[in-house]
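So the sequences go chain by chain: A and B.
Convert by adding 1172 to the 1-based position in the first sequence; the result is the number in the numbering used here.
Convert by adding 1172 to the 1-based position in the second sequence; the result is the number in the numbering used here.
It should be emphasised that the hints constitute simulated quantities derived from the structure, not laboratory data.
One thing to keep in mind: the hints can contain errors.
As the list makes no split between identical chains, a pair holds if one copy fits it or if it spans any two.
[To be verified] Straight line, CA to CA, 27 Å or less: simulated DSS-like cross-link-like pairs of lysine-lysine: (1) Lys1197 - Lys1288; (2) Lys1197 - Lys1229; (3) Lys1288 - Lys1226; (4) Lys1197 - Lys1186; (5) Lys1197 - Lys1273; (6) Lys1303 - Lys1263; (7) Lys1288 - Lys1210.
Protein chains: 2
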Amino acid sequence: MPKLTGAVKDVFEKTAIYPVATASKDGVPNVVPIHFVKIYDEETILLVDNFMNKSLKNMQENPQLAISVWDMKTNQAYQIKGQATIVTSGKPFEEAVAWVKTGMPDVNPKSAILMKVTHIYNSQPGPDLGKEL
Amino acid sequence: MPKLTGAVKDVFEKTAIYPVATASKDGVPNVVPIHFVKIYDEETILLVDNFMNKSLKNMQENPQLAISVWDMKTNQAYQIKGQATIVTSGKPFEEAVAWVKTGMPDVNPKSAILMKVTHIYNSQPGPDLGKEL
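Hey, can you work out the whole structure from these sequences and the hints?
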């Protein structure tokens, strides 16, 4: 299983806004910028659903996610793909709520998404684009 | 038909790197950062395929595209969805090649993608996220 370590972790943690892509079960892609995204453990990403609309509907019918991260200063970019589990109680959800409330006390997260990482790809422009790590 | 004008155009043109989402016909989402993306006319976006791999395969079997743009300084974000036509000759392709060669003379674009815009959505975090313009 690919790990969120090394250069992938570095680029991930430098990112402030994450483009999160989903698709309907009919294959209509959707991509939105999300701030509250972080590495939960080496194989899992936590996303907070504060205002998700189509992304949540897509994950409910097709739990596949893709996230792009890049640092064009160092010409590093990665695409992370995984499977979403939507949670509305328990420790990850409570952590998500506490994280959001720290900076935005008036916002009430609707759910948290635990994304189990299944694939990581090189995504920097060049001949290695698309190669799996 | 939604137009690439006003605030959408402003935010689009401030963007340097565009997260471009596609999906396989089975609904596996894919998102990669692409630099060579621009407004071709008020209803069309031109993307250059220099190194596309999975994105191109996805568009060949499922010509649906989604692009996210944002300017978090002004809290504006939009998602643009459309239909891709892949071209490897003619005026848009020649323009794509000339554009890339200006800055990167050693890169040889493989194709150009004309994306006919079908929907534009508000994408800024908040209660209006997901509303169609």
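To test your reading of the hints: which numbers does this structure violate? The structure conflicts with hints 4, 5 and 6, although it agrees with all the remaining ones.
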